[in-house]
Amino acid sequence: MLKRCFMGLSSSVALAGGAGRAAVCGATGGSSLSTRGRYPGEVSPRVLSPAAPHTPRHTPRRLLGAILFGGVGLSMLAGCSAPVKVEPAPSAASAACSEVMLSLPEEIDGQEKRTTTSQSTASWGTPTSIVLRCGTPDPGPTSDPCTTVEEVDWIASENQPKDSWTLTAYGRVPGIEVTLDTSKVTSASVATALTESVQRAQPTKRCQAKPTPTPSQ
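Under mature numbering (1 follows the signal peptide of the UniProt record, and there is no 0), read the sequence shown as residues -16 to -1, 1 to 201, first letter to last.
Honestly, I wouldn't trust all of these hints.
As the list claims (entries may be wrong) - With a straight-line Cα cutoff of 27 Å, these simulated DSS-like cross-link-like pairs (lysine-lysine) come out: (1) 97 <-> 168; (2) 168 <-> 69; (3) 189 <-> 168; (4) 189 <-> 69; (5) 97 <-> 146.
To be verified - Computed spacing ranges between beta-carbons, pair by pair: (6) 110 <-> 187: 19 to 25 Å; (7) 172 <-> 144: 28 to 34 Å; (8) 127 <-> 66: 22 to 28 Å; (9) 190 <-> 111: 34 to 40 Å; (10) 102 <-> 180: 32 to 38 Å; (11) 82 <-> 123: 34 to 40 Å.
Hints listed in this document are in silico derivations from the structure and should not be mistaken for laboratory results.
Just so it is clear, the structure is predicted and the values come from calculations on it, not from any experiment.
For each residue, glycine too, the CB sits at the ideal point set by N, CA and C.
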């Protein structure tokens, strides 16, 4: 093994036996180092252990942040529900529907609003308990019961299956139709919550009470 030696004079400090010389020799690529011994001219070997690889005691901040934010992202994705599939009404693209949709409440009778798959539609509840469509046709004359809530006339009709009802805003352009599950919400609470939004649709006619029949002579 090729060795390199460096010779030097010792310091001026007196040693036992007088000033001496010291030799420092190291093997190229070796792992040992020789130093001066107790007496002049004596060399004692000192073994150097290879340096241990550096291991960080803490997780790097960037990695830790990625793990934490990644976990939050997964939790958020897991908590999101899929949009509710709703068939759009024939006149869903009406500009008046846009005004109605922007004014809809975020919650009705404890049911939170959800996103839908089509224009001018809205949904509330998980599972779905209320569905609104704007741009429906004019229902025309009907014998279904009509209820007025703050100057808005609502026609109520029962559907199948049981507990499914439809409320139609009568005499409004564009037309507005609401389907609800009465086992989860009441028709009165739904009509009241939506009245302010429905008022943005243009009124064209009102419900009329049936005339009281005159007793025959």
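Query raised in the report: Can the restraint linking residue 189 and residue 69 be considered satisfied, given a maximum Cα separation of 27 Å?
Result: Distance ~32 Å between residue 189 and residue 69 Cα, so the pair is violated.
Report task. Check the following: the C-beta atoms of residue 190 and residue 111 are separated by a distance inside 34 to 40 Å. Result -> Check passed, 35 Å falls within 34 to 40 Å.
Query raised in the report: Does residue 97 pair with residue 146 here, judged by a C-alpha cut-off of 27 Å?
Result: Satisfied, since the Cα-Cα distance of roughly 23 Å is no more than 27 Å.
Query raised in the report: Holds or violated: are the alpha carbons of residue 168 and residue 69 at most 27 Å from each other?
Result: Holds, at about 20 Å.
Query raised in the report: When you take the CB atoms of residue 82 and residue 123, is the distance between them in 34 to 40 Å?
Result: 22 Å, violated
Requested in this report: With 19 to 25 Å as the target window, see if residue 110 and residue 187 comply at their CB atoms.
Outcome: 33 Å, violated
Query raised in the report: When you check the alpha-carbon spacing of residue 97 and residue 168, does it fall within 27 Å?
Result: With a Cα-Cα distance of about 14 Å, the restraint between residue 97 and residue 168 holds, given a limit of 27 Å.
Requested in this report: Go ahead and decide if the range 32 to 38 Å is satisfied by the Cβ distance of residue 102 to residue 180.
Outcome: 23 Å, violated
Query raised in the report: When you check the alpha-carbon spacing of residue 189 and residue 168, does it fall within 27 Å?
Result: This hinted pair is violated, its Cα atoms lying about 31 Å apart.
Query raised in the report: Per the hint of 28 to 34 Å, is the separation of the Cβ atoms of residue 172 and residue 144 within bounds?
Result: 22 Å, violated
**Report entry** Supplied distance hint 22 to 28 Å, evaluated on CB atoms of residue 127 and residue 66
**Finding:** The hinted range 22 to 28 Å is violated for residue 127 and residue 66, with Cβ atoms some 39 Å apart.
Hints 3, 4, 6, 7, 8, 10, 11, counting from the list given before, are not met by this structure.
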